[in-house]
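*Asks:* Mind docking chains W and H on chain D? Use the hints.
Listed below are the residues making up each chain.
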Amino acid sequence: MLTREEISEIEVEAAHYPKREAVCIDALKIVQRRRGWVSDENLRDIAAHLGVSPTDLDSVATFYNLIFRRPVGRHVILVCDSVSCWIMGHERIRKQISQGLGIEFGETTPDNRFTLLPIVCLGCCDHAPAMMVDADLHGDLDPQEIDTRLEKYK
Amino acid sequence: MTVTAEKPLTRDMCPDGSALGLLAYEQAGGYQAIRRILKGGMTPQAVTNEVKEANLRGRGGAGFQTGLKWSFVPRGKDAPSPTYLVVNADEMEPGTFKDRLLLERNPHQLIEGAIVAGFAIEADVAYVFLRGEYSLAAERLSRAIAEAYERHYLGKDILGSGYALELHLHLSGGRYICGDETGLLNALEGKRANPRSKPPFPPVVGLFGKPTVVNNVETISCVPHIINNGAAWFRGLGRTNDAGTKLYGASGKVKRPGLWELPMGSTIREILEEHAGGMRDGVKFRGLLPGGSSTPFIVEEHLDTPMDFTSMPKVGSRLGTGTMIVLDDQTCPVGMTWNMMRFFGRESCGFCTPCWSGLGWAERILQSLEEGLGKPGDIEKLEFQTKMWGPGTTFCALAPGAADPLGTALKYFRDDFERHISEHRCAWR
Amino acid sequence: MATVYIDNKPFQMDPDQNLLHGCLSQGLKLPYFCWHPALGSVGACRQCAVKEFKDEHDEQGRIVMSCMTAAADGTRISIDDAEVAAFRAAIIEGLMLNHPHDCPVCDEGGECHLQDMTVMSGHDYRRYEFDKRTFRNQNLGPLVNHEMNRCIQCYRCVRYYRDYAGGRDLNAFASRDTVFFGRHEDGILENEFSGNLVEVCPTGVFTDKTLKRHYARKWDQQFAPSVCVHCALGCNTDAGERYGTLRRIVNRYNHQVNGYFLCDRGRFGYEFVNSRQRVLQPILDGQPVSAARARQHVSEKVAAGRAIGIGSPRASLEANFALRTLVSPEHFHTGMPDAEAGLVESMIAILRRGPMRTPTLREIEECDAVFILGEDITNVAPRMALSVRQAIRQQPMEIAKGLKIPLWLDHGVRDALQDARGPLFIATPYATRLDEAATAMFRGAPDDLARLGFAVAHALDPRAPSPGEFPLAGEIARALKAARKPLVIAGASCASNAVIEAAANVARAAQAKLAFIAPECNSVGAAIMGGRPLSAAFQAVREGRADTVIILENDLYRRAPAAEVDAFLNTAAHVIALDHLDTPTARKADLILPAGTFAESDGTFVSSEGRAQRFFQVFVPQNEVSASWRWLGPDCWHGLDDVLVAMSRALPCLAAVKNAAPSAAFRVAGAKIPRSPHRESGRTAALVNIDVSEPAPPSDPDSPLSFSMEGTPEQPPGALIPFFWAPGWNSIQAVNTYQKEVGGPLRGGDAGIRIIEPAPAGGQAYFSAIPAAFEPREGEWLLVPIHQIFGSDELSLAAPGIAELAAEPHVAVGSGAFADGEKVEVTCARDTFRIPVRIRPELPPGVAGLSAGLPPLTGVRLPEWGKIARSK
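Protein chains in written order, with this note's numbering: chain D, 10 to 163; chain W, 30 to 458; chain H, 6 to 877.
For reference, chain D alone in the conformation it holds in the complex (with noise of 0.2 Å):
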């Protein structure tokens, strides 16, 4: 089911479009926004509020790699794997992340306080090597100090 605060939210912005099937994308994230994810559950609903049929729904959910169609720890590191980065250690980066929580792209912490995932260029690229962390950018990243950026997320 979906909250009444969840449904108030997607009907403000499909007030946006011309077409509520358009809303969809918006719908998906207002729920993962609450949920963390898209359960299967959730994208019924969605679909069912939407008028949209879940296969169409979920068409659109995968093909976009911001919606989660997995469950993901409390906090989302996304670690750019772009092309400046790659030049400026983020190598050595995800290697100290993967190693420091025990996780590789596309795992979660067994605590479930963090899921790992790359990601495109985050145009933090003259303070590369960057990542984000939820809706934090974390740039000029040194190996050494991952620890201690990543201590504030509990």
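Derived from the structure by calculation, the hints contain no laboratory data.
Glycine included, C-beta positions come from ideal geometry on N, C-alpha and C.
Any given hint might turn out to be false.
[Unchecked claim] In silico DMTMM-like links for lysine to aspartate or glutamate, alpha-carbon gap of 25 Å or less:
(1) Lys68(W) x Glu176(W)
(2) Lys410(W) x Glu134(H)
(3) Lys284(W) x Glu100(D)
[As the list claims (entries may be wrong)] If you want the ones that stay clear, here's a sample from chain D, every Cβ over 12 Å from chain W, calculated:
(4) Glu15
(5) Glu20
(6) Lys28
(7) Arg43
(8) Arg44
(9) Glu113
(10) Glu116
(11) Asp120
(12) Lys161
(13) Tyr162
*Replies:* For chains W and H alone, kept in the frame of chain D given last:
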């Protein structure tokens, strides 16, 4: 707005990194351009002509004449309605970080530009299509949009002129292909972002089937200044025939990676050596991608080329987004190419065969080279793939954008590729 | 026409088409995947690349996709250019990176477009050395099999299923080289046309699951051209057999009828032929007897002089005619209930008087405003619903034309049209599948539907009688009037002559085409042949005027309430039944004769369109099963042509039927037409004249087809195409080579002959018998039939796949009186049925729906007043 320094886009930005607020923007002469057109009686045609006259070319990378694009929108009583303006703020080209600056630091400039552009094409609704990861930009832009509505710069009857424009912010669900203007339109319609057939072109059949203009953030940000200062002024800003200023950037192992608003046509050497401070100590320059990952490599001999739309093709490259990615001698060109092909392969929408199939293959070949598993013939296979990704052979520009860096990497750094095969290892690992 | 230079040779092409269409129409070999003549161009696979040159001096040229390039006058292209040929080979290589190369175990093998195109492109050596991606397959229900690892991402499936057929439960998931085509979760494909995926998919992702259960390669099957028996539209099919079992049905292209597509009932209903309920030998008084003994029994009973015959709307004209001849015309009864026969006769009379003409399915697709009166076409005549889905795109297409977007540029057109739809109005008692595409709906009892029709006619032409004000009538009338090609669809489902007459009035007033839907595959043929009413047969036995009844391919328990049929069959001293299945009627017969189905016999059906079409025997059964006309006809009938000649003499109104297909004497280049493809394993008759080591193939006195692979290599006329094959084209997409122009009529002529055309100068007066408005009754419900694509048709219900999908028999009522799923007792006439309730809120007050054709509700004459009571 009177411009003393020739940095109209960035001049008024706060040095502390905060967003230029509404008041500060107005005090700096902001929202005068819309007053000029809405109260000064400029017609949409006149605005379009001014921008055409200014020779403003699309800053997203394609360099299409902005005024000309606007003029393709059908007008008059029988024209389809509504008309849409879409600001492409889906900055995802690897190595590119210019639009983020404009979005985060001067959102009202973008909004004013959108109103001017909207007026010019007689748009009813505008969307800013912002990449989902730009959360700070989203926050600042949302606030600026709300402020603009409060001041009646947006909404019905703007400044009492009778012109109405709704502007909405859409946050993307991700995927590089949304940066393609027609892929973006599908994404905005809530569909998979597969690019569309062209023709029909968006100014005729665009968002929701209606006439639509899609312009890049930097392009739109230039527009108020053209209205305020005139086409001749804007043309005069450029050093070459390509008008205006340009946000140039540099990343990689240079001394001062960063972003600078400079006259269009500044040379690569100037940007690299004067502004970026040259290479870091201990590393040597080998080449660079001048405008993001999908532009062809250039090398030492090309450094004196003006970074503009017209000059770069003469040295086999393109201006692209104007943000250069520098390759040094401590970095493996094969690894760098692999990284980029992995990116393109991952971001292929999966629609046309040469793209979805060829990019994945190239990525795996390059990985095997990096892992010392390369075989004779691999370079030829890669070269063949670049031919499969020519403009026209693929459906959109994504795979041709991969062919450019791969093809030129094979050309300029061929020895390195060959050594990976003959030595069964990557010498940089 | 445009002149297009291909490798410097001039070709004439249609400038309103793309180059791929033009090249294929010229017979040039250009491989392709994502393009389909019915689906248009999208430019996804990049397989059909050619090199285009600016002018004759341009030696460089540039690679373009032929499907995305207009065949403009003066265009210069090369197919043979080395660079573009290498490009095409490389595209195949790319498509095949992840393909499992499992052809030996793939059902598509040997008739695979991907195989054909791979050979055509010249790609032969695999250079990709890395892992392939793998997918989990889905269970899509009993009809269509899913094997995603074979997918080449051409997007045809979703374009067909969603864009063309209106399905909403199949789509593309994820992106890059891992796009998955399937459903949100495992489950039965919802769309009634899902089976076409089997032919639309260029490789083995979607295959025929019913074939899988008794698989045989295309080259090992024996085919014959056939006509679907599962509704009245007469879709053309090819039926394939091996070792005495029917293996599958595939589409037989008929430009005017079914085009490229069939419905799932038509494609998968065939398995009744292999059913365990089949009657395989004559049974006399419960004991198997020889054919000779059976024939002797029939002769004796007929000779006694008191025999009557009951024909059938699902038996061929020839079978009906044989019975009519045997018992004499005055003792021949039509096998339809009196009311139903009356409705079909009424339809025929209206269409013969004109001026309205009945459209082909193809013409329906070209109509631009549609009014459906009283028919749930998706469930009654499914293929027509697919045509109507194309018709509602006609008006919006004007937008694309205005924008000068080529109509073949599918995604461009769809981007411009968005979901704009042309006018479609549906007036039925209950909601139908097409409602989602409709402009407006009207729900009412049959009498009210008729009144709406009369009101629309009056709104169009004040000379037509008026039933008074009707809110929707004006809107419908305006839409029909504004249309270039309006269409009215009606039929027998409401069992209301008023509905049929109302539809005729609308069509006349709107100068529209008029499509009537008859109940069964040969209802129209049976009605044209005529006969005494079924009730007269009952009466003759009741009054002792007849003691022997011969029942042809007809289960009377589906025609009349059980008590009436029981009385009739019990009173008759001798009952002789011919049928395919062991029906309740057959079980009451003293003598049962094993009647050949469409697969074991030849004959002719007349479709709703009035098109007489021949079906041909697929194989010679190794038992006593034989065509009904062979069981019943006189000894002087040696073959089908003798029946047709006799029928033309006896019934001049059916004289044209013999021209529905060439006679048995017809030869192509002096040879018969082979039923088997070239490579049929282990079967050759090449030396049969000098060798005895193999049995000779059976001879076929009835048709110009041979029961072997020997015969002409030339392409036969449309009515005689057993399978589509051409050198290099092993898949069904070989149909391209049989068409004058790709997507156009068959080179040898489209099958069938129309025997109902409007009178040249004519036209009828408006009908004026307007029924009174429906009045609900206290304590009673008007029971109307609810048709189901899976279940309402008698024969296909014996196919396991269809039976699995058939709904439980139920009664549907509007909300209020009962709970959904609750068991109730439905009493009508003298029968009471204990069945569950389904709530359908849209049903008008006082009207309830009863599952049509599903046992045990088969004998109820609908509509009928009845009572519904809570089950005790």
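*Asks:* Work down the list of hints and note, for each, if the structure agrees.
*Replies:* Going through the hints against the structure:
1. A distance of roughly 20 Å separates the Cα atoms of Lys68(W) and Glu176(W); the hinted pair therefore holds under the 25 Å criterion.
2. Proximity of Lys410(W) to Glu134(H) is assessed by CA-CA distance (about 12 Å); at most 25 Å being required, the pair is judged to hold.
3. For the hint pairing Lys284(W) with Glu100(D), the CA-to-CA distance comes to about 21 Å; that is within 25 Å, so the pair holds.
4. Annotated as non-interface, Glu15(D) keeps its C-beta farther than 12 Å from every C-beta of chain W; the closest such distance is 16 Å.
5. Residue-level check passed: Glu20(D) sits 14 Å from the nearest beta carbon of chain W, beyond 12 Å.
6. A cut-off of 12 Å between C-beta atoms contradicts the statement that Lys28(D) is not in contact with chain W; the least separation is 6 Å.
7. The Cβ of Arg43(D) sits about 15 Å from the closest Cβ of chain W, beyond the 12 Å cut-off, so the non-interface label holds.
8. Chain W leaves Arg44(D) outside its interface by the beta-carbon criterion, the shortest separation being 16 Å against a cut-off of 12 Å.
9. For Glu113(D), the shortest C-beta to C-beta distance to chain W comes to about 15 Å, beyond the 12 Å cut-off, and the non-interface label holds.
10. No beta-carbon of chain W comes within 12 Å of the beta-carbon of Glu116(D); the shortest separation is about 18 Å.
11. With a closest Cβ-Cβ approach of about 25 Å to chain W, Asp120(D) is found to remain outside the 12 Å limit, as its non-interface label requires.
12. Against the 12 Å criterion, Lys161(D) stays outside the reach of chain W, whose nearest CB is about 16 Å from its own CB.
13. Look at Tyr162(D): its CB is around 15 Å from the nearest CB on chain W, clear of 12 Å, so calling it non-interface holds up.
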